[in-house]
Amino acid sequence: MSGNDPLAPMARLARRVPGYPVVRRLLLPRVRENLTFRAIARKLWVSEVLPDGRGADLTAGNLLAGIGLEGLPVAIFVLADVPPELIGEVVDDIARIQLLTAGFRPVLVLPTADFGCARRYGYPAELMPTLPDPPSQVRFWRRLRRAYGTTLFCEVGPSGMSVIQRSFLLALSSSGDA
Amino acid sequence: MLQSVAGLPAAERSVNVLEISDFRFSGGTSASIAEEITAQAAVGWTTGLIQLNGPLVAQATGFNPRIRERVIDGSARLLIGRGPVRADVTVIRHPTVFENAADQLPPIETEHVVVVANTTLIALDRMVEYDPARITNMVHDRFGRAPLWAPLSTEIRAQLKRASPGLDLIAEDWVNVIDGRDWYASHRPPSGDRPVIGRHSRGVSAKWPSTRSELRAVYPVDGSATVRVLGGAAPARDLLGHELPDSWQVWAFGALEPRQFLRGLDVYVYYPHHRWVEAFGRNVLEAMAAGIPVVLPPRFEPIFGDGARYAEPGAVLSVVESLHRDPELWQRASMHARKRVAERYSHQVHRNRLQALSGLQPRAPEPAPPEPNRIGRPQVRTAAEGRPKDRPRLLLISSNGTGMGHLMRLMAYGRRATEFEPHVLSLSQGVGAVGAIGMPYEYVPSASALGMDPRSWQPIFTDRVGHALDRIRPSVVVFDGSWPYSGIERLRSSHPDPIWVWSRRGMWMPDRSGEQLTRSDWFDEVIEPGDFAAAADVGATAGAPAIRLPPVTLLDADDLLSRVAARRKLGLPAEGAMALVSFSGGTMQDVTSDTAAAIAAARNLGLQVCITQSVVAPHVALPPDVHVVNRIPLCSYQHAFDVAISAAGYNSFHELLRFGTPTLFIPKRNSSLDDQDRRARWAADQGWSHYATQVTADATTDVLRDLLDRGPEMVAKVAREDPGNGAVAAAKLLTDIHVARVLSARRGQ
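Chains as they are written, first to last, in the numbering used here: chain A, 1 to 178; chain B, 1 to 749.
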């Protein structure tokens, strides 16, 4: 929410209502998970994050919770070069960094149709198609970029994410430095 | 046999200590968990973390940075997914989180479960925060055993007893722990006109006094004390009903590292709402560990005992003033606070209680795994890691300048300051030269390198240097540059521990105002690397206070290669006279015409020509028979040359003269600050060298002929007058002021 949030005065008033702490602890977490509420929230707030609203509907998966998930940048992870036996570990790695940072929403681009690794964390996944020529490659990535409003792109190598890739993702943390 | 569901082998989901909490909390809960992880890792105990997204953190946010660091450095494993976990001891911290989010847990097999009651049971609005009996049942259902309840303080213990008389309570309070060595920095007793009071908490009303009169009594608004607040002061502003006075300095929560914040305080004064029951007060513990005398409401006495001073609000200021007036009293209070921290709240205290609970034995930390960059994989950080090595650190910061002078002087200091571990941070793109002499270095782009307005660039400088200060933790910082950046003043305020020294060359152009000399106040010492031509110095620094040293060069005569070795290493012909043409750092004038004329003059005398192509000079197209060198430091090879034609920058001037190369100096035209013309003329007046304002082939031919004839006689005069390399004196001075600071701190303890 920004400093100009239209609901801020209402929120201040609500905090003074007797019983607000109970509502905050017991009710609000459930409301936040409600799809209708999230749709309203997107209409109210997301326009500040993504001018055209693209990507706002994309889930952040099941590890994170709280207000503002809709505003996290969408990061595409291309796992096409990762050997199948390592994919689960790479996705775990992505998941841990996401949980540590709350800094991005992953979209996985997988080499094979084994989506279990993505489902474990509720991450969206795409299957890497055969792209015979540069025009078709451009079309594919344009489609993904437009679909998800992607701003981050991470091509994972055969041995997993590099130190630089991992450090960059950690630097997306919403909670600053130690 | 445990199954690997989340991708980690089962062995990695088996840990000595399992911490369950919401690691997104910004305050003391997370700080305490981070300390416990460190304490555990130091004796080789593995720690697993399971995150519960509890109801108290509304915003989607990442882990608390302190905990995130522990995961990144391998001190703790982040256990995700639904795979079973095994632990010797499970520590649940924050009962409310567990009560509301336990359904997120995977199956856990554990020998012991401790529920750390780290928050008050009754909120300020008298609402019951959590139900101990219900949580006890939940733990029993989930873990198959009853928990041991561990209150943080006697107050929480009493609340638990009242709420659930049958609870199994641990004998000793589960106090927060801290590594005092990480927090303490030598402090001097207060020296300002008025005391500096500080406090650190989240900016919520429960953490502030409840009435305006109490607030004004504890945190003066009349300017009688400086009040520094970390964490925001909106509740204070609301209570006062007006803006905060100028004597208050407020930072948002998390805007400053608490260690930095504490170092700027004389006394820590913490007075929360009178009805607020502080479960412990980690902020207070941190102040005590930092050696800051603490003043608290009397109700804190059962927690902190004689480690702090206690006063009713009306008496706070008199306690503060007595500490401010009496350095010995202040020192005693500081020492006492630290002593109590070491006795009652050390990492060992935490290890002892875990040991008593579970029988865990310390063991040698495991070696780091081969893939240290894998998040969440086990690594054990030893207690020694992350601390400064034996030698104190010396941070050498250079501005970019137009040549290499700033950098070379700092390298000269660092090379001889053997008592220190030097580290260079430079704005010069020639910083790679530092690596050549084996010193660690880093580069920060200057405003001009980024094409930015200096004002827009200052925050970048402040952020980058601040980060370097946090990381390197230097005892002494030396800045070499003619204009200390505004960020330095802010950095001094945020990092008051190091001794700051301004290394400020003289010989400024006489028409420069020298307004930056007022910035001398930002430094503990100002040193002036001397100039052979100091007698001719009429610039603004000539009369300014500074410790004046002999001229500074990176190398001494003994360091230079012989003529034969130098020519061999440079790939130059072994025979024949050779002229060095060096207009390095020539970004401020068109060096092309000067270089062409110098080459022509040398050819007139049958001299071979070697020109420098400095890393900071523009590319100049050259004839094929002209040799090019780009070695740094070039003076190592200086004996390869019989004569030189050079600009008269500080470095070239002193190296060429000190190491005996007969030289024609051509001062740089349009120099912004360095008075090269006066320097070069002075040397010519002494008969040490020749001087010209421009290079023409005919005139330069005559001068070179004279240098070949009389050069040795000219440079012999320099040798007789040279007072020696000022780098040695600078290194000794840096050592002396550091030792004096250390001794002063010890005397104060």
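Treat the hints as calculated values from the structure; they're not laboratory data.
Every residue, glycine too, gets a C-beta built ideally from N, C-alpha and C.
Treat the hints with care, as some may be off.
Computed, partial: chain B to chain A, Cβ under 7 Å [claimed, not checked]:
1) THR61
2) GLY62
3) GLY83
4) GLY232
5) MET509
6) ARG512
7) GLY514
8) LEU517
9) THR518
10) SER520
11) PHE523
Every beta carbon over 10 Å from chain A, so not counted as near; a handful from chain B, in silico [as the list claims (entries may be wrong)]:
12) ASN53
13) GLY81
14) GLN249
15) VAL431
16) LEU743
Consistency of the hints with the structure:
1. THR61: holds (5 Å)
2. GLY62: This interface hint holds because 4 Å falls under the 7 Å limit.
3. GLY83: Given a least distance of 10 Å, the restraint on GLY83/B is violated.
4. GLY232: violated (14 Å)
5. MET509: Since chain A brings no Cβ nearer than about 42 Å to MET509/B, farther than 7 Å, the hint is violated.
6. ARG512: Check failed: Cβ of ARG512/B comes no nearer than 39 Å to chain A, outside 7 Å.
7. GLY514: With a closest approach of 38 Å, the GLY514/B hint is violated.
8. LEU517: violated (35 Å)
9. THR518: violated (33 Å)
10. SER520: Nearest chain A Cβ about 32 Å off; hint violated.
11. PHE523: violated (27 Å)
12. ASN53: violated (4 Å)
13. GLY81: violated (6 Å)
14. GLN249: holds (20 Å)
15. VAL431: Correct as stated: the minimum Cβ-Cβ distance to chain A is 21 Å, above 10 Å.
16. LEU743: The claim stands: LEU743/B keeps its Cβ more than 10 Å from every Cβ of chain A (closest is about 32 Å).
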